[in-house]
Amino acid sequence: MDKIMKKLIYLVASLTFASLLGIVAYIVIKGLPNLSLDLFRFNYTTENMSLVPAMITTIIITIIALIISIPIGILTAIYLVEYANKNIIMKFISIAIDTLSGIPSIIYGLFGMIFFVTYLNLGFSILAGSFTLSIMVLPLIITTTRESLLTVSDSLRQGSLALGATKVRTIFKVVLPCALPGIFSGIILSIGRIFGESAALIYTAGTVAQIPENLFSSGRTLSVHMFALSTEGLHTDKAYGTAFVLMIIILLINFLSNQVIKKISKEK
Amino acid sequence: MKKNKSDLIRYLFFLSAILSIALIILISFFLFKEGTVIFKEVGFLNFILGKDWSPTNTPSSFGILPMILGSLYITLIAILIGGPVGIITAVFLVYYTKDKHYRFLKSIINLMAGIPSIIYGFFGMVVLVPAVRYLFPSNGNSILTAGILLSIMILPTVINLSEVAIRAVPRFYYEGALALGSSKERSIFKVVLPAAKSGVISSLILGIGRAVGETMAVVMVAGNQPRMPKGIFKGARTLTTNIVMEMSYASGVHRNALIGTAVVLFMIILIINLVFTIFKERNVNG
Numbered sequence: 001m002d003k004i005m006k007k008l009i010y011l012v013a014s015l016t017f018a019s020l021l022g023i024v025a026y027i028v029i030k031g032l033p034n035l036s037l038d039l040f041r042f043n044y045t046t047e048n049m050s051l052v053p054a055m056i057t058t059i060i061i062t063i064i065a066l067i068i069s070i071p072i073g074i075l076t077a078i079y080l081v082e083y084a085n086k087n088i089i090m091k092f093i094s095i096a097i098d099t100l101s102g103i104p105s106i107i108y109g110l111f112g113m114i115f116f117v118t119y120l121n122l123g124f125s126i127l128a129g130s131f132t133l134s135i136m137v138l139p140l141i142i143t144t145t146r147e148s149l150l151t152v153s154d155s156l157r158q159g160s161l162a163l164g165a166t167k168v169r170t171i172f173k174v175v176l177p178c179a180l181p182g183i184f185s186g187i188i189l190s191i192g193r194i195f196g197e198s199a200a201l202i203y204t205a206g207t208v209a210q211i212p213e214n215l216f217s218s219g220r221t222l223s224v225h226m227f228a229l230s231t232e233g234l235h236t237d238k239a240y241g242t243a244f245v246l247m248i249i250i251l252l253i254n255f256l257s258n259q260v261i262k263k264i265s266k267e268k
Numbered sequence: 269m270k271k272n273k274s275d276l277i278r279y280l281f282f283l284s285a286i287l288s289i290a291l292i293i294l295i296s297f298f299l300f301k302e303g304t305v306i307f308k309e310v311g312f313l314n315f316i317l318g319k320d321w322s323p324t325n326t327p328s329s330f331g332i333l334p335m336i337l338g339s340l341y342i343t344l345i346a347i348l349i350g351g352p353v354g355i356i357t358a359v360f361l362v363y364y365t366k367d368k369h370y371r372f373l374k375s376i377i378n379l380m381a382g383i384p385s386i387i388y389g390f391f392g393m394v395v396l397v398p399a400v401r402y403l404f405p406s407n408g409n410s411i412l413t414a415g416i417l418l419s420i421m422i423l424p425t426v427i428n429l430s431e432v433a434i435r436a437v438p439r440f441y442y443e444g445a446l447a448l449g450s451s452k453e454r455s456i457f458k459v460v461l462p463a464a465k466s467g468v469i470s471s472l473i474l475g476i477g478r479a480v481g482e483t484m485a486v487v488m489v490a491g492n493q494p495r496m497p498k499g500i501f502k503g504a505r506t507l508t509t510n511i512v513m514e515m516s517y518a519s520g521v522h523r524n525a526l527i528g529t530a531v532v533l534f535m536i537i538l539i540i541n542l543v544f545t546i547f548k549e550r551n552v553n554g
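Chains as they are written, first to last, in my numbering: chain A, 1 to 268; chain B, 269 to 554.
Worth flagging that the hints you see were computed from the coordinates, not collected in a lab. Just to be clear, a hint being listed does not mean it is correct.
Here are the computed lysine-lysine pairs in the BS3-like style, where the Cα-Cα straight-line distance is at most 27 Å [to be verified]: (1) B:K502 / B:K374; (2) B:K374 / A:K6; (3) A:K263 / B:K548; (4) A:K167 / A:K91.
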């Protein structure tokens, strides 16, 4: 009986890891031969289905979304760790953050469409998409920052205060620098989320496949581009190629965040 | 002067923190404002229990029961497969993995969590759909296919949270059981897992939340027919895919009906989150 149980555990676990490695391997093996120069032309046409414009759009949206959510996220986490006492407001803020992180991206997309696109009259635009995503990654940045602030030892804080530094100075000069690697890994995770997001962007940033002229023009990110390619069904080879590029980017982001985490655990 | 400055900064921290609450209120307000129009138009019960969704017909009909059931069936399959597999994998990571392998396996799980839904969807479309078509009498785009794909997608969530819950069980529970002569497997399944129950259940609840909210991967494999589900080998449409399929051309009442679909989805997610919080807190206290 125990032997069977043990075999079952090994079997199920190998199934889990095999399914993931299978997906990665499949995309890489099928994608690599389908890479072509066409995919990397600067201008998109319905002939070449280039992913360069989508790539540029993705980078712009990522930067804007992060410029908004990083400061707010870090300040929130500082408030939660360094200032808030266990009162009712603190409880409400925690519930709000948990709720935000549980909301599916399609609902963020719909909210972005109603609020940013229509109500604030931004239209399908890079800005509307970026704002929507900045809300979406906010809980991720808050929770990772909060966790890494919590790991900073209290004696550092007390030492700094005892030397006569103000609380604010202590936070910015002592606590934050110590928590930096953790915050950094949260930011990398957020970049991954933004690169992979599609449902929240279709009805906010729209699906125009060209390089956006300005922040008020519509543009599709790499994931949205990938979705369009694979559902149109006309350019399967290009879809494989694009999937490969997206997969490599995600692998790189993941590798980076692993390196950061490794660095953190080495320092301790 | 200095006092004032630090008060000001403190105020800034507080404002940022309050923003999360403000965002929830803002999101709810705008969704409900535009979505509840349809509840008044056709009646809330008619909307969620109506079996017919034909928004462009005259007269049009807005019933989302097919999508509610579609979401339910697909999520059920996902959690029935992904739940046990995820929990057992978590057990494997805690009790059957050497330290030097652990970091590698853990990074695979984290990578799995980082893969975009669009890649999962594409994989489902080019691999799972043909496989299901080949194995079962169906065209491949089905409730079963979507359920299998989601069961893979929710694995990281279930594994990571279950692992935390299992590790939180005091080591002497396990060692005590071993000392009493029970086998390793018996100790894990009869002593450790029951002790980690609320944490493990909360991991399943969060997995359900992920499955219910998933959109882009499902739309690529589920068939998306807006009719009452007719068995797991047939296609179905979920709440999320209903929104993403039709929003691009919807206007007027149809648009309100789609936002109403999002309101129903939002309420389901809020309930799931609430249950999750209750179980999570119980885990901390117990």
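- Task: Please work out if K263 (chain A) and K548 (chain B) have their alpha carbons no farther apart than 27 Å.
- Result: Violated, at about 30 Å.
K374 (chain B) and K6 (chain A) were given as a pair; does the straight-line alpha-carbon distance stay at or below 27 Å? Status holds; Cα separation ~20 Å.
**Prompt:** Are K502 (chain B) and K374 (chain B) close enough, with their CA atoms no more than 27 Å apart?
**Reply:** violated, 36 Å
For the pair we were handed, K167 (chain A) and K91 (chain A), check the Cα-Cα distance against 27 Å.
Holds. K167 (chain A) to K91 (chain A) sits at ~23 Å (cutoff 27 Å).
Of the hints listed earlier, those the structure fails to meet are numbers 1, 3, in rising order.
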